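**Student:** Counting from 996, one number per residue, gives the positions in the sequence shown under my numbering.
The hints are simulated quantities; they were obtained by calculation from the structure and are not laboratory data. Treat the hints with caution; some may be incorrect.
Below, a list of computed lysine to aspartate or glutamate pairs in the DMTMM-like style, where the Cα atoms sit at most 20 Å apart [to be verified]:
#	residue 1	residue 2
1	K1073	D1186
2	K997	E1095
3	K997	E1028
4	K1091	E1066
5	K1091	E1182
6	K1222	E1282
7	K1026	E1265
8	K1303	D1111
9	K1091	D1113
10	K1191	E1227
11	K1091	D1051
12	K1293	D1149
13	K1135	E1198
14	K1303	D1051
15	K1222	D1296
16	K997	D1149
17	K1222	E1098
18	K1191	D1149
19	K1222	D1153
20	K1196	E1028
21	K1073	E1182
22	K1191	E1246
23	K1135	D1111
24	K1056	E998
As the structure is a prediction and not an experimental result, all values here were calculated from the model.
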Amino acid sequence: MKELNILTSTDLNLVPHLFTQLRNIADNLLKYEVNFWLFHYRIPGSDIEELSAYADFLGIKFHEVYVEDYEDYSVLNKGATDQFPIEAYFYFCAHKYLPETMERALYIDAGDIIFDGDIEEFYFSPFEGNFMIASIAISKRNELYTFDDISVNDFAVDIAGEYVNSGSLVLNLTLMRIFHIDLRFYENVVDYVLSKSAPFKTEFTTAPVYYYYDQGLLALSFVGQIKFWGYEYFGYQALVMPYNFRPFLFEWNKNNIKISADGEVSLPYEPHIIHLLGNKPWKTTVETYRTLLPVSRKYLDMFWAAEKEARSWRREYSERN
């Protein structure tokens, strides 16, 4: 049986939704031996114990990774703000905490990532000398960016913003170790960017930033050394995203793309990793749900179905303990 290593990191706020993710993983990926690695520094032991018990119930191997040097990660926000918790950066050095025999791992955002079907072609795709495999998000040109583009302001904003969406990434742990990637490496990138570019603001930031938190800094750090899944076949196509499928992009672009009268979106691929940003399930009201496209409602329903099962187990667990 092949092995999948899935990792995430979060503070206490998203812990309830980790149970939902575990349920969803069990529904879709147990043809593999699944290891789930949770990076944290402030989740209470009682929650860790309950997550571990639920994973065991589902047939998933749960691993707690307590990040003792968590304070050192605050330096990575020098070019951003504290809008995101420092846990958002923990996966930058995942190779430092994970077993040295582990060659790759799938990082997913905590809470708002779910699976629908198999992910083998993404997870086991060859790295071809790159530090990670990701889905291209937004770009001002068809060809891929290089390190030299960081000094071109329009391109730098692209790279530092949504060039890479970090909701779902396959990390090349082996290459990270070979090149001794550490926090000092990322801090050097931060200092370089602060000296070469200007801050920018988006509707999702509370103040001007030099990079959009972890995904912006990650793209700046490895630009030109990221394999974008499907790029060799499709080129740059913002809506080709089977392994970081974001229904919110269709909501956002309703007036710019062709959608049938019934609201159905025709896709030339099947989404297998779904990123529920924009309309996060725990923030989506019934009124908002009714206005969404069928493709958004489908995956919200999938999330809520898994959450219902997870909540049922948690009630029984609470009663037993």
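**Student:** Now tell me, hint by hint, if it's right for this structure.
**Tutor:** Now the hints, each set against the structure:
Restraint check for K1073 and D1186: satisfied, since their Cα atoms lie roughly 8 Å apart, inside the 20 Å limit. As the CA atoms of K997 and E1095 are separated by approximately 18 Å, the hinted pair is consistent with the 20 Å bound. For the given pair, K997 sits about 6 Å from E1028 by alpha-carbon distance, which is consistent with the 20 Å threshold. Note on K1091 and E1066: the hinted pairing holds, with a Cα-Cα distance of about 16 Å set against a maximum of 20 Å.
Between the alpha carbons of K1091 and E1182 the distance comes to roughly 16 Å, so the proposed pair stays at or under 20 Å and holds. Proposed proximity of K1222 and E1282 is contradicted: the alpha carbons are some 39 Å apart, above 20 Å. In summary, the hint linking K1026 to E1265 is supported, as the alpha carbons are separated by about 19 Å, within the 20 Å threshold. With a C-alpha separation of about 17 Å, the suggested pair K1303 and D1111 falls inside the 20 Å cut-off, and the hint holds.
Annotation: proposed proximity of K1091 to D1113 is violated, straight-line Cα distance about 28 Å (limit 20 Å). Of the pairs offered as hints, the one joining K1191 and E1227 is violated, with about 31 Å between alpha carbons and a cut-off of 20 Å exceeded. This hinted pair does not check out: K1091 and D1051 have alpha carbons roughly 25 Å apart, beyond 20 Å. In summary, the hint linking K1293 to D1149 is not supported, as the alpha carbons are separated by about 36 Å, beyond the 20 Å threshold.
Between K1135 and E1198, the direct Cα distance comes to roughly 19 Å. Compliance with the 20 Å bound is thereby established for this hinted pair. Between the alpha carbons of K1303 and D1051 the distance comes to roughly 18 Å, so the proposed pair stays at or under 20 Å and holds. Proximity of K1222 to D1296 is assessed by CA-CA distance (about 32 Å); at most 20 Å being required, the pair is judged violated. With a C-alpha separation of about 43 Å, the suggested pairing of K997 with D1149 is violated against the 20 Å cut-off.
Note on K1222 and E1098: the hinted pairing holds, with a Cα-Cα distance of about 16 Å set against a maximum of 20 Å. With a CA separation close to 12 Å, the supplied pair K1191 and D1149 stays within the 20 Å bound. Of the pairs offered as hints, the one joining K1222 and D1153 holds, with about 17 Å between alpha carbons and a cut-off of 20 Å not exceeded. Only pairs whose Cα atoms come within 20 Å are accepted, and K1196 paired with E1028 is rejected, the gap being roughly 42 Å.
Between the alpha carbons of K1073 and E1182 the distance comes to roughly 9 Å, so the proposed pair stays at or under 20 Å and holds. As the CA atoms of K1191 and E1246 are separated by approximately 35 Å, the hinted pair breaks the 20 Å bound. Simply put, K1135 and D1111 have alpha-carbon atoms about 30 Å apart, too far for the 20 Å limit, and the pair is violated. Among the hinted pairs, K1056 with E998 is consistent with the structure: their alpha-carbon atoms are about 11 Å apart, no more than 20 Å.
In the structure shown, a violation is registered for the earlier hints numbered 6, 9, 10, 11, 12, 15, 16, 20, 22 and 23, in ascending order.
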